[in-house]
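Colleague: Each chain, written out:
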Amino acid sequence: MLVPLSWLKDYVDIDVSPDVLEEKLFSCGFEVEEKYEVGHDISKVVVGLVKTCDAIEGTHLHLCTVDAGEHGTLQICCGADNVKAGGKFPLALVGATVYATAKDHVTVEGVMTINAGKLRGYDSFGMLCSGVEIGVTEDMYPGAGYNGLLVLPDDAVPGSDVKPILGLDDWIFDVSITANRPDCQSIFGLAREVAAVLEKPLKTPALDYTETDVKKDFKVTVEAQDICPRYTAHYVYDVKIGESPAWMKRRLALVGCNSISNMVDITNYVLKELGQPMHAFDYAYLEGDAINVRRAADGEKIVTLDEKEFELNSNNLVICDGKKPVALAGIMGGLNSEILDTTSAVMFESAKFERDNIRKSSKALGQVSDSSARFSKGVDEYTTVMALKRALHLVEELGCGKISSTGFDVNTGNSIEPFELKASVAKVNGVLGIKVPDADIVRICTNLDFKPELNGDELTLHIPAYREDMATYQDVAEEVIRMYGYDHIVPTFIPTAQVTSGGYNLRQKTELKIKNALCAQGAFEGVHYSFFSPSDLDMLRLPADAPERHAIQLINPINKDLSLMRTTLAPQMITAMARNQKNAILEGRIFEMGNKFIAKDLPLKEYPDERETIAIGVFGDKEDFFSLKGLVDAVAAALDITFEYEASPKPFLHPYRTAKVLCDGVEIGYLGQVLYEIRDELDMRVDSYVAEIDLKALTKYYGKERKFIPLPKYAVEKRDFCFVMDKALTCAQVENAIKESCEYITDIELFDLYEGAQLGADKKSMAFSVVFTPQDEEFTQEKIDGFVENILKNLSDKYGAVLRA
Amino acid sequence: MADLNELTEKLSAIKAEVTEGLKALASSKEAFEYRKSLMDSKTGKIGTLMREMGKIPNELKAEYGKKVNEIKTWAQGEFDALETKLKEKEMMARYESEKIDVTLPAKMRPKGNLHPNTQVKNQIVDIFGSMGFDVYEGTEIETDYYNFTALNIPDNHPARDMQDTFYLSPEFLLRTQTSAGQIHVMEEGKLPIKVISPGKVFRSDDDATHSPMFSQMEGLVVDKGITLCDLQGMLNVFVEKIFGEGTTTRLRPSYFPFTEPSVEVDVSCFQCKGKGCKLCKGTGWIEVLGAGVVNKKVLEDCHIDSNVYSGIAFGIGIERIAMLKYGINNIKLLFESDLRVLDQLDD
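Respectively, the protein sequence lines represent chains A and B. Residues 20 to 824 in my numbering are what the first sequence spells out, letter by letter. Residues 7 to 353 in my numbering are what the second sequence spells out, letter by letter.
These are computed hints drawn from the structure, not numbers from a lab. Source: prediction; values computed, not measured. Any given hint could turn out to be false.
Stated by the list, open to error - Lysine to aspartate or glutamate pairs mimicking DMTMM-like chemistry, simulated, CA-CA at most 20 Å apart:
#, chain 1, residue 1, chain 2, residue 2
1, A, LYS396, B, ASP170
2, A, LYS219, A, ASP580
3, A, LYS624, B, ASP150
4, B, LYS206, A, ASP580
5, A, LYS43, A, ASP32
As the list claims (entries may be wrong) - Part of the chain B face toward chain A, derived, beta carbon under 7 Å:
#, residue
6, ALA32
7, GLU36
8, TYR40
9, GLY118
10, ASN123
11, PHE139
12, ASN162
13, VAL299
For glycine and all other residues, C-beta sits at the position ideal for the given N, C-alpha and C.
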C-alpha cells in the first residue's frame with residue numbers, strides 16, 4: 020500500500036525522520052517494502068528568476084540571465100516557448116540531476132546530470148526545466164503538464180530549493196499489511212498505528228456536513244442480507260461536475276490514482292483515506308426510485324464502467340434500481356448509471372459486502388478493481404458508516420453538491436460500537452514469558468484506543484469496532500509485545516518442559532541408512548516433483564489399463580506437465596539421466612527416495628496410499644545391468660536381507676535385460692535397461708538403466724537384529740566345480756540345485772562363465788566355488804566325497820549338467 | 007693308487023674351473039643351478055669327491071678329507087656371496103622395471119552425496135533430536151480440514167489467499183504447509199509434545215525463486231507454561247548450531263492464523279556478522295523463519311486444555327537454508343538431479 024508521508028501527517032504529528040518512522044512501523048508489524056522521496060532523482064534544482072530574456076536570431080532559443088539567489092546570476096540558453104523576463108522557473112544548476120526526455124519533451128528516457136555547455140555558440144550554465152524534467156505531473160502541481168517551462172508561484176524565493184514548493188520533498192512509503200489487519204488497509208487506518216507507536220494523538224478526518232430539507236421518496240431494500248450485512252446510501256443534488264481541487268488531485272496522483280471528476284475523485288479519495296470502497300450512481304438513471312441489493316438471476320447481464328459485459332448467476336451480488344442491475348456489487352458500477360459531465364444528482368453508496376462473496380465473484384468473472392481487492396481483504400462496518408459521512412463532508416467542502424436529508428442505513432444489527440474484551444494480565448504475561456509492568460500495559464492499550472480499565476489481574480478493554488481481529492488474551496499479548504518491543508523478550512530454554520528423548524525413529528533411521536549405502540556406491544541423491552505429466556506415462560509405453568495410469572489429477576495444475584500425482588518414480592529418473600547427458604555428463608548414478616501416490620478410488624474419497632519408493636538410475640559405458648543390480652543389492656545389504664531376481668519384462672525396459680526383484684517370494688520392484696527407443700526419443704548418448712523398489716513393502720524388515728554367528732570350530736572345506744550345461748539354465752537354478760544337495764553348504768560363488776564353440780552352440784560352462792562348513796565334528800574325507808557325489812548327481816539328474824572334462 | 011700331488015692338482019683344477027665358472031654366472035637362478043650341479047653327490051664335480059675316498063691310501067685319507075672339505079666350504083662361501091649379490095641386483099632391476107608415474111589418476115569409486123535437503127534435514131533433526139524432539143512425517147496429500155480449517159483458517163479467510171493451493175478434489179489437496187502435521191500430532195493427545203515435522207509442501211507458484219514443490223520443517227512444543235521467551239531461546243540454540251556461533255535472532259510481529267502472537271524471525275547475517283553485506287541486503291539480518299505462540303483456538307480444537315497447556319511453533323524452509331548455506335540462487339537447481347550441481351553439494 021502506497022502511503023504519502025504528507026497525507027499521513029494530516030492525522031498524526033509526525034516529528035521523526037522517514038528512517039525512524041520506517042523502523043517504528045517495522046517494529047510494530049508493518050514492513051516498509053520500499054520508501055522513497057517523491058523527487059528522489061532530482062537534485063540541485065532551485066527557483067530561477069529570469070531577469071533578461073533575448074531571442075537569439077535564427078533559432079528558437081532565448082539567451083537569459085537568471086537570478087539564482089545565493090547561486091549568483093547565471094547565463095542560460097533556453098528553448099522553451101514560455102520563457103520570459105520576470106518569470107520564475109525551476110533552474111537546474113550545473114551538477115544537478117533531472118530527467119532526460121526524448122525529442123517530444125514528454126517521454127522520460129533516464130536521469131541526466133547538467134553540465135555547463137554551449138548552445139549555438141552561447142555559454143549556458145544550467146537549464147530551466149519543464150514539469151516532466153523534474154518529475155512533476157499536472158495532477159501533482161497545476162500547470163506542470165504544460166509542454167514548456169513549469170511556472171513557479173510569484174512568492175517563490177530565487178535560489179531556494181524547488182522541492183518543497185512542488186511537493187518533491189514528500190516521502191512515499193510502500194507498506195505491506197498482513198492479512199489480519201484489514202483495518203490498516205488505508206492511510207487513516209495506518210495513521211492509527213503510527214499514532215499509537217509514536218504515542219501521539221490521532222486526528223480524525225472531518226465528518227461533519229449540513230443536510231438540507233430536501234427529501235426524496237426513495238426506497239432501499241437489501242434482499243441478500245447474508246452477503247450484504249450493511250448498506251448505507253445518501254442522496255446528493257445540485258451536483259456540479261467539475262475538476263477536483265489541486266490538493267485532492269495531487270494526493271490521488273501520489274497513490275497512483277488518476278483524477279476523473281470531483282464526484283468520482285471523492286469516492287476514490289475516501290477509498291484510499293479510509294479503506295471503504297464507495298460508489299456514486301447518477302440518480303437520473305436510477306429507475307423506479309429504489310435500490311435493491313440482491314443475488315443476480317441466472318443469465319442476467321450487466322455492462323460495467325469499462326464497457327465489459329458479464330453474464331451473471333446467483334453467486335453474484337448486484338445492486339439494482341427498480342428495474343435492472345446498476346452495479347456489480349463491490350466490484351464495479353454499471354455503465355448505465357455512470358457519473359457523466361451532465362450528472363446533476365447522485366446516490367452515494369457505502370456498503371459492506373462479504374469478502375468471500377466478492378472474492379469469488381471477482382475471480383469467477385475475471386473482473387478485478389481497487390474496490391474488489393479491498394472487499395476481498397475485509398471491510399468493517401464501522402468504516403462503512405464513517406466513509407459515507409466523510410464523502411458527504413467532502414462534497415460540501417468541494418462545493419460540488421447539496422446534501423439532502425434522504426439517507427439510508429440498512430443493517431443486520433451488527434454493532435459499530437466498541438466491544439468489551441476481558442483478559443487476565445497474568446495470562447497475557449504467561450504467553451510472553453516476561454512480566455510487562457501494568458503501567459506499560461495500560462499505556463499501550465490506551466495508545467491503541469482500547470480504553471483499558473485495570474482491576475487487579477483483570478484487564479477490561481473496549482475494543483474499537485474496526486479491530487475485528489481482537490478476541491482473546493493471546494491477541495492482547497500480541498498487541499502489548501509489538502508495542503512494548505520484542506527486544507524485551509528474554510530467551511529461555513523451555514525450563515518447564517519435561518525431558519523427552521527424540522530424534523529419528525526406526526523407519527527414518529533405516530531410510531537414512533539405505534541412502535548412505537547408495538551414496539557409498541557412488542550414487543547421488545536427487546529430489547523430483549511429486550507430480551508429473553501424462554506424457555511421462557506415455558513415454559513408459561504403459562497400456563491403457565496399467566495401474567500406473569490410475570493417477571490422481573490436480574484440479575488446478577500449473578500446467579499439464581505437472582498435472583498428475585506420480586504413480587511411479589521411473590520417468591523422472593529417466594529424464595533426469597537424459598538431462599545430464601545433454602549437459603555432457605555421460606556417466607553417473609542417481610537415486611531418489613520419495614512417495615508414489617496410489618488412489619483407492621478416483622476422485623479421492625479417502626487418503627490415498629503414499630508409498631515410499633526408491634528409484635535408482637545408472638548410465639554410462641561402464642554401467643550395465645549388473646552394476647545396477649549391485650546397487651539394488653546394496654539396498655538389501657543395508658537391510659540385512661536378500662533379494663531374488665527373475666527375468667520379467669516391463670514395457671519400457673529391454674525385453675531380455677529386465678528382472679523383477681523379489682524378497683521372500685514377494686515382488687517388491689524391478690530393474691532393467693531403458694529401451695533403445697526411449698534412448699533415441701530423449702536424445703540420450705549412452706545406455707541407461709533404472710530400478711524401482713517399493714520400500715513400504717520392506718518396512719517389516721527394518722530394524723532386523725543382527726545375531727553373531729560363532730566362528731566354525733573345525734576347518735571349512737572348499738571345493739570348485741565346473742559344469743557344462745544347457746545354455747538356457749540360469750545361474751540361480753544351478754545354485755539352488757547345488758544348495759539343496761547338502762545341508763553344510765554355507766556359500767556358493769560363481770567364478771567363471773564360458774560359452775564357446777568347443778562346448779557346442781547350445782551349451783555353456785559355469786564354475787562355482789562351494790564352501791562346506793562343519794558343525795559338530797570335523798569332516799572326514801568320506802563325508803566330503805559324499806557331498807561332492809550328491810551335488811554331481813543332483814545336477815546331472817535335474818539338469819543333465821556334467822563336470823567339464 | 008693316486009698320490010697326494012695328483013690329488014692336490016685335481017682339486018686345484020676344480021677350484022680354478024669353478025672360479026672361472028662363477029665369473030660366467032649372470033643370474034641367481036644360474037648360480038643356483040650351477041651350485042646344484044657341482045654339489046650333486048652322484049654327478050657333481052665337488053659332490054662326488056668324497057666318493058674317491060676309497061681310492062685314497064689310508065695314510066692320506068685324513069689329508070684328503072680335509073682338502074675336500076676345504077674346497078667344499080670355499081665353494082659354498084663363494085656361491086653364497088655371489089647369490090646374495092645377484093639377488094640384490096635382480097631385485098633392484100625388478101623394482102626399476104616396475105617404475106610408475108605417481109601423478110597418474112588415482113583409482114577410486116567416488117562416493118555420492120545426500121541431497122542438500124537431506125543434509126539440512128539431518129542437521130536440523132540432530133539439533134532438535136538432542137533437545138528431545140521426535141520426528142513426525144505427515145502425508146503430502148492432506149484434507150482441507152487439516153491444512154486450513156484446523157489451523158484456524160476457515161473457509162472465507164483471506165489467509166487462504168496467502169498460499170495458492172493445488173486441489174485434488176473438493177476435500178483433498180496438496181498440503182501447503184507442514185503445519186498440517188501439528189494437528190495430527192496434537193490429536194493423538196500424548197502430552198507433552200516436542201516434535202519436528204519435515205516434509206514436502208506445494209504451492210501454485212513457479213518462477214526463478216519459487217518452485218511449486220519445496221520442503222519445510224515445522225517445530226511444535228506443547229507443555230505447561232511454554233512462552234514466547236522459550237520460543238526465542240529455542241530458536242537461538244537452533245540458529246547458532248546451524249549458522250555458526252554468535253548467530254542470534256530478532257523477532258518482529260507478523261501474522262499466521264495458527265499462532266498468536268506471530269513473529270517473523272530474522273537471524274543475524276552469518277556472512278558479515280551483522281555489518282551489512284549483499285547476502286543480507288545491507289540490513290545485517292536475514293529472514294529465515296516464521297513462528298509464534300500456538301493460537302489457543304487451535305489447541306482447543308485439538309481438545310488440549312489451553313488453561314493448562316500452551317505451545318510454541320515454528321516453520322522453516324529447508325531449501326532456503328540449503329541455498330543460504332551453499333550460496334545457490336535458483337531453487338530449481340535442487341530438483342533437476344544435475345550431477346554437476348549435486349557433486350558440489352557435499353556436506
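Colleague: Hint by hint, work out which the structure violates, then give me just those numbers in ascending order.
Modeller: 2, 6, 7 and 8
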